[in-house]
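Colleague: Spelled out from the first residue to the last, the chains are:
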Amino acid sequence: MDLSLSTRNVSGPAGDRTVVEVGGEIDVYTAPKLREQLVELVNDGSYHLVVDMEGVDFLDSTGLGVLVGGLKRVRAHEGSLRLVCNQERILKIFRITGLTKVFPIHTTVDEAVAATD
Amino acid sequence: MATVELRFSAQPEHVRTARLVAAAVARRAGVDEAVLDEVRLAVGEACSRAVGLHRSHGVTAPIRVELTDEEKTFSIEVGDEVPVLGDNGSHASGAARSVEDDADGEDEMGLAVIKGLVDDMEVSSTDVGGLIRMSWPTAPVSALR
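Protein chains in written order, with this note's numbering: chain A, 2 to 118; chain B, -7 to 137.
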């Protein structure tokens, strides 16, 4: 399955957030599309991102690299990048790479949108 | 001889095919269903790394994947054709190729994921190219399968 991406803006108690809903497989082939999307959002001034990964079937280290790159970009603008994920198979990859300490991971989009640092 | 052998040109879109084939052969060999996700991820990481190495070094040869159903284990070998110029036999600390390849950290992260996932894995290299070998135990398969 290929990668699907959609974005929407949400106003929460902590301010405006851009939710990026990702579906399908994030791997060495599809990760560049996600990278482009994140770069475009930051270039357009969206610095607080919530990446909803509930529809992701597969994630590899290339995908992790893109998310880390996204985090670096939003942080350069004092922004944030939060993840929404409940799937054990995906969470495991964040754990074995130690990235659970780097990304705030939430169980729902509402929770991520409402979160503050 | 490998149970299934796959060769694919070093294009990112073929890595998914390698994952699907590896998972199918692993299931057939009796690898536990709960471990198939790990097999899929590990073979994908090894193939992505090999594709990256071939592309960055302008190697036109295909990537080779061997899937072997042994008596009590299922093993996967992913071979690339980017030689290491050093003599210590390790990709990670080898000469010419690793300095450039690790520059963006993705090669290193891929290996870190494989190491975290697979208990039995080894990385070796020769003057022909590198090889990642991984194996998983298989459960006894019933006569009907």
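If you're looking for bench data, these hints aren't it; they were derived computationally from the structure. Here the structure is a predicted model, which means the values were calculated and not measured. A portion of the hints provided could be inaccurate.
Partial list, derived from the structure: chain B residues whose beta carbon lies under 8 Å from chain A [unchecked claim]:
| no. | residue |
| --- | --- |
| 1 | 4 |
| 2 | 7 |
| 3 | 8 |
| 4 | 12 |
| 5 | 24 |
| 6 | 26 |
| 7 | 29 |
| 8 | 40 |
| 9 | 43 |
| 10 | 101 |
| 11 | 104 |
| 12 | 108 |
Even for Gly, the Cβ is constructed at its ideal location relative to N, Cα and C.
Colleague: Now look at each hint and say whether the structure bears it out.
Modeller: Results of checking the hints against the structure:
The interface hint given for residue 4(B) is met, as the beta carbon of that residue sits about 4 Å from the closest beta carbon of chain A, less than 8 Å. For residue 7(B), the interface hint holds, the least distance from its beta-carbon to any beta-carbon of chain A being 5 Å, beneath 8 Å. Checking residue 8(B) against chain A: minimum C-beta separation of about 6 Å stays under 8 Å; hint holds. Because the smallest distance between the Cβ of residue 12(B) and any Cβ of chain A comes to about 11 Å, over 8 Å, the interface hint for this residue is violated.
For residue 24(B), the shortest C-beta to C-beta distance to chain A is roughly 14 Å, which exceeds 8 Å, and the interface hint is violated. Look at residue 26(B): its Cβ only gets to about 10 Å from chain A, farther than 8 Å, so that hint breaks. With 8 Å as the threshold, the beta carbon of residue 29(B) comes within range of chain A, its nearest partner Cβ sitting at about 5 Å, so the hint holds. With a least beta-carbon distance of about 4 Å to chain A, the hint placing residue 40(B) at the interface is held under the 8 Å criterion.
Hint status for residue 43(B): holds, given a least beta-carbon distance of 6 Å to chain A, under 8 Å. With a least beta-carbon distance of about 4 Å to chain A, the hint placing residue 101(B) at the interface is held under the 8 Å criterion. Look at residue 104(B): its Cβ gets to within about 6 Å of chain A, closer than 8 Å, so that hint holds up. Because the beta carbon of residue 108(B) sits about 3 Å from the nearest beta carbon in chain A, less than 8 Å, this interface hint is met.
In summary, the structure is inconsistent with hints 4, 5 and 6 from the numbered list given earlier, while agreeing with the others.
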